[in-house]
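S.K.: What follows is the residue order along each chain.
There are 2 protein chains.
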Amino acid sequence: MNNEIRLFSPATVANVACGFDVLGYCLDAIGDEMVVRKTAEKGIRITKIEGYDLPYEAEKNVAGVSALAMYEALQPDCGFEIEIYKNIKPGSGIGSSSASAAGSVYGMNELLGKPLDKTKLTYYAMKGEALASQCEHADNLAPAIFGGFTLVKSACPLHVLELPTPPDIFATLIHPQIEIKTSESRAILPKQIPLQHAITQWANVGSLVHALHTNNYDLLKEALIDVVIEPHRKQLIPHFDAVKLAANNAGALGCAISGSGPSIFALSKSEATAKAVESAMQEVYSKTDIEFETYVSKINTQGIKTL
Amino acid sequence: MNNEIRLFSPATVANVACGFDVLGYCLDAIGDEMVVRKTAEKGIRITKIEGYDLPYEAEKNVAGVSALAMYEALQPDCGFEIEIYKNIKPGSGIGSSSASAAGSVYGMNELLGKPLDKTKLTYYAMKGEALASQCEHADNLAPAIFGGFTLVKSACPLHVLELPTPPDIFATLIHPQIEIKTSESRAILPKQIPLQHAITQWANVGSLVHALHTNNYDLLKEALIDVVIEPHRKQLIPHFDAVKLAANNAGALGCAISGSGPSIFALSKSEATAKAVESAMQEVYSKTDIEFETYVSKINTQGIKTL
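The listed protein sequences derive, respectively, from chains U and D. Whatever position you read off the first sequence (first residue = 1), add 53 for my numbering. Whatever position you read off the second sequence (first residue = 1), add 53 for my numbering.
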């Protein structure tokens with residue numbers, strides 16, 4: 054058995070417009086790389102971090118915390134070193150902490166001969182995720198670990214549903230370089246919402262799941278609408294309405310906030326449309342003084358993987 | 054072309070636990086019969102009503118109002134007589150008014166050579182439904198007209214999704230003979246609900262749709278849960294909790310209020326289980342002084358039909 058693994062831990066989009074806290078999908082064009090290495094010395098050590106400035110102490114690092122949770126549960130007769138080559142900027146809204154949290158447990162699981170299934174891996178990764186967002190949620194972790202589109206039926210007990218991915222869907226992302234803390238974007242949400250809005254939202258969630266099962270792109274377009282969260286959170290993202298309008302005018306099936314923002318995603322029916330949507334999004338932000346990055350990605354149906 | 058049609062207009066279950074105002078399914082074991090007849094004399098006339106005491110004036114009768122709406126839109130060169138043989142008790146919560154509203158427009162459409170599709174029929178039937186419930190909704194009409202399980206993506210513009218029906222599902226219904234007005238059961242609902250409850254509900258709706266597509270009965274069981282409406286409406290139905298407990302103990306996949314009540318439905322994985330659930334429900338109400346009726350039915354995937 055190999056003593057070292059190099060892996061790709063993908064970025065992800067949570068919420069997917071109508072499915073706040075439950076839906077997500079996995080990206081292919083951006084993700085972290087990590088190396089996990091078995092050591093004779095026991096314990097979890099983070100030995101290298103490149104890309105962004107993150108803590109080396111395992112118990113203060115998202116990847117370290119998830120690794121420790123799994124390590125303490127399995128009590129293997131070895132230790133692990135973790136190297137993190139971070140491409141996903143922390144706080145970008147495309148699952149940066151989830152990629153780290155998933156990477157360490159995936160790598161350890163591979164090196165131990167896969168004792169855990171994907172649900173168990175997600176469970177331990179949630180312990181790391183909780184360090185970043187102060188609550189255990191799986192809406193980014195589930196797509197990172199399972200791939201494709203996922204629905205977190207419940208977080209406790211953890212139950213992840215793997216939804217089908219229509220073949221022609223591509224994602225476009227724009228990441229404006231502003232900072233929104235997850236805690237801040239949670240605090241802006243109301244504790245109570247109008248029943249009528251909730252009904253619209255669950256009709257959309259049901260329609261989205263049906264659309265994925267039936268490759269119905271027209272229905273996908275009608276379902277990718279968020280009447281509950283977006284009206285509050287979009288205030289934190291400058292030019293959100295203009296980006297959304299531009300994306301939809303360029304042919305996107307839908308456009309909404311990625312996770313808790315500030316990234317904005319669109320889904321389109323072809324790569325060509327996704328690229329046209331990228332140009333349209335770039336044009337909006339080019340006229341501002343906010344730095345930004347964009348990506349076009351196919352949906353990653355495999356999820357986290359060994360390189 | 055025939056000048057007369059005899060039809061079966063089925064009872065239906067709206068809401069289906071988690072899908073308030075959007076989900077529904079169609080029953081087979083109970084429904085109204087109607088005769089619709091082309092006449093040389095123009096206009097809509099209700100010429101016979103058996104079973105329950107309902108108004109003969111077309112503009113005061115649900116079947117008449119939907120017929121008039123369609124008649125005025127199509128302006129055919131004839132009139133129609135309608136006979137209603139009502140089996141579904143008005144106010145029972147299994148789509149009595151929807152069966153009437155659907156029957157007249159279905160019959161007229163057949164006699165006119167089917168100029169309208171099912172969505173258009175539902176649209177005109179909603180005009181009749183509005184007479185009974187003071188609002189135009191389609192959560193009973195859609196399953197009555199389309200058959201099977203349906204999701205009303207939106208009522209305006211009307212968009213109905215036909216969901217798959219797993220092969221082994223059977224419904225059990227108990228109708229306690231008490232009166233709950235739809236208006237009363239709507240008034241008891243809060244205008245605002247906790248965001249956390251809404252999230253649970255839309256996770257359940259998404260899971261239910263996924264379960265129907267994948268014939269996943271275990272998931273169906275987890276999804277048939279209503280945390281938003283049931284806590285309020287069950288107060289209007291004596292012994293609801295006891296019936297639900299008995300149904301679940303007897304092996305039901307789930308048990309919840311049918312539409313706005315007072316009927317209670319359960320879904321089960323086989324006809325044998327559905328019958329065991331029926332006995333369990335009967336036992337609860339037998340110990341009370343409330344009269345009741347029960348039904349076991351397969352899911353009617355055809356919907357309203359010519360006899």
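Any given hint might turn out to be false.
[As the list claims (entries may be wrong)] List time: in silico SDA-like cross-link candidates among lysine to any residue, alpha-carbon distance up to 20 Å:
| hint | chain 1 | residue 1 | chain 2 | residue 2 |
| --- | --- | --- | --- | --- |
| 1 | D | K244 | U | T253 |
| 2 | D | K244 | D | E232 |
| 3 | D | K113 | D | K142 |
| 4 | D | K274 | U | I58 |
| 5 | D | K113 | D | V88 |
| 6 | U | K274 | D | E215 |
| 7 | U | K244 | D | L242 |
| 8 | D | K274 | U | P210 |
| 9 | D | K244 | U | L248 |
| 10 | U | K244 | D | H285 |
| 11 | U | K180 | U | T253 |
| 12 | D | K274 | D | N301 |
| 13 | U | K244 | D | P247 |
| 14 | D | K274 | U | C209 |
Calculated directly from the structure, the hints in this document are not laboratory data.
S.K.: Now tell me if each hint is right for this structure.
M.R.: Here is how each hint holds up against the structure:
{"no.": "1", "hint": "D/K244 x U/T253", "verdict": "holds, 14 Å"}
{"no.": "2", "hint": "D/K244 x D/E232", "verdict": "violated, 23 Å"}
{"no.": "3", "hint": "D/K113 x D/K142", "verdict": "holds, 17 Å"}
{"no.": "4", "hint": "D/K274 x U/I58", "verdict": "violated, 40 Å"}
{"no.": "5", "hint": "D/K113 x D/V88", "verdict": "holds, 19 Å"}
{"no.": "6", "hint": "U/K274 x D/E215", "verdict": "holds, 17 Å"}
{"no.": "7", "hint": "U/K244 x D/L242", "verdict": "holds, 17 Å"}
{"no.": "8", "hint": "D/K274 x U/P210", "verdict": "holds, 15 Å"}
{"no.": "9", "hint": "D/K244 x U/L248", "verdict": "holds, 6 Å"}
{"no.": "10", "hint": "U/K244 x D/H285", "verdict": "holds, 19 Å"}
{"no.": "11", "hint": "U/K180 x U/T253", "verdict": "violated, 33 Å"}
{"no.": "12", "hint": "D/K274 x D/N301", "verdict": "holds, 10 Å"}
{"no.": "13", "hint": "U/K244 x D/P247", "verdict": "holds, 6 Å"}
{"no.": "14", "hint": "D/K274 x U/C209", "verdict": "holds, 16 Å"}
Consistency note: the structure conflicts with the earlier hints numbered 2, 4, 11.
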